[in-house]
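Trainee: Going down the list, the protein sequences come from chains C and Z.
Take any residue in the first sequence, count from 1 to its spot, add 29: that is its number in the working numbering.
Take any residue in the second sequence, count from 1 to its spot, add 510: that is its number in the working numbering.
Rather than coming from a laboratory, the hints here were simulated on the basis of the structure.
Check the hints yourself; a few may be wrong.
As the list claims (entries may be wrong) - Pairwise CB distance ranges, derived in the manner of DEER restraints:
#, chain 1, residue 1, chain 2, residue 2, range
1, Z, 550, C, 98, 22 to 30 Å
2, Z, 525, C, 92, 43 to 51 Å
3, Z, 568, C, 55, 32 to 40 Å
4, Z, 515, C, 69, 13 to 21 Å
As the list claims (entries may be wrong) - Facing chain Z, a subset of chain C residues (Cβ under 7 Å, in silico):
#, residue
5, 39
6, 41
7, 72
8, 76
9, 91
10, 101
11, 113
12, 133
13, 134
14, 135
Said to hold, decoys possible - Interface residues of chain Z toward chain C, partial, derived using beta-carbon atoms under 8 Å:
#, residue
15, 528
16, 551
17, 601
18, 616
19, 617
20, 618
21, 619
22, 623
All C-beta atoms in this analysis are idealised placements derived from N, C-alpha and C, irrespective of residue type, glycine included.
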Amino acid sequence: EDQVTQSPEALRLQEGESSSLNCSYTVSGLRGLFWYRQDPGKGPEFLFTLYSAGEEKEKERLKATLTKKESFLHITAPKPEDSATYLCAVQAPFGGNRDDKIIFGKGTRLHILP
Amino acid sequence: GAGVSQSPRYKVAKRGQDVALRCDPISGHVSLFWYQQALGQGPEFLTYFQNEAQLDKSGLPSDRFFAERPEGSVSTLKIQRTQQEDSAVYLCASSQGTSGYNEQFFGPGTRLTVL
């Protein structure tokens, strides 16, 4: 069964304390892996798309990496405004002539203390 | 518009009532997705439109759920005879291309509470 597992479920860091969030996936034929940020009461906001193992993307204090089994979202010297839930999603073939499926993980709730 | 909008933002329904949730995607976006997000969970796929065609409705939990996008722009998700387990945030997302590989832009969601 295709699965996306994010860890940890929640993470509290001091401002400036770097860390990494993990997204492990088991799907047949990964098409793409997406990272989103979600603030309370809002819809997810797109951060990155990764397509193949070894690929890396950066945006401000965030850096996403991808291997054949997992992705990491590295946060360098975070600030309180980085506090949010970070969601990982994968896109994989359904099989046959059906469109691809998109599966989200449950997210990691990140809280940065000032 | 500047982004994806959804209405209403909050909806309280009595069990057994029908509800209709609206999504206005970004103008020109071909693809439109509906997701259901329970508290503390990630979004779960419900259905996908490419223009007015509903290409995938495999995620709709029961035949009480129905979605349409008759003119290829605005979409409505209808839930008939609501049940308590339908309580969740319903998210709409749109993307420019014809596949989900493209960045999806999400609306703020409609929080449905069924009493």
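Trainee: Which hints, by number, does the structure contradict?
Mentor: Checked against the structure, the hints that fail are numbers 3, 5, 6, 8, 9, 10, 11, 15 and 22, while the rest are satisfied.
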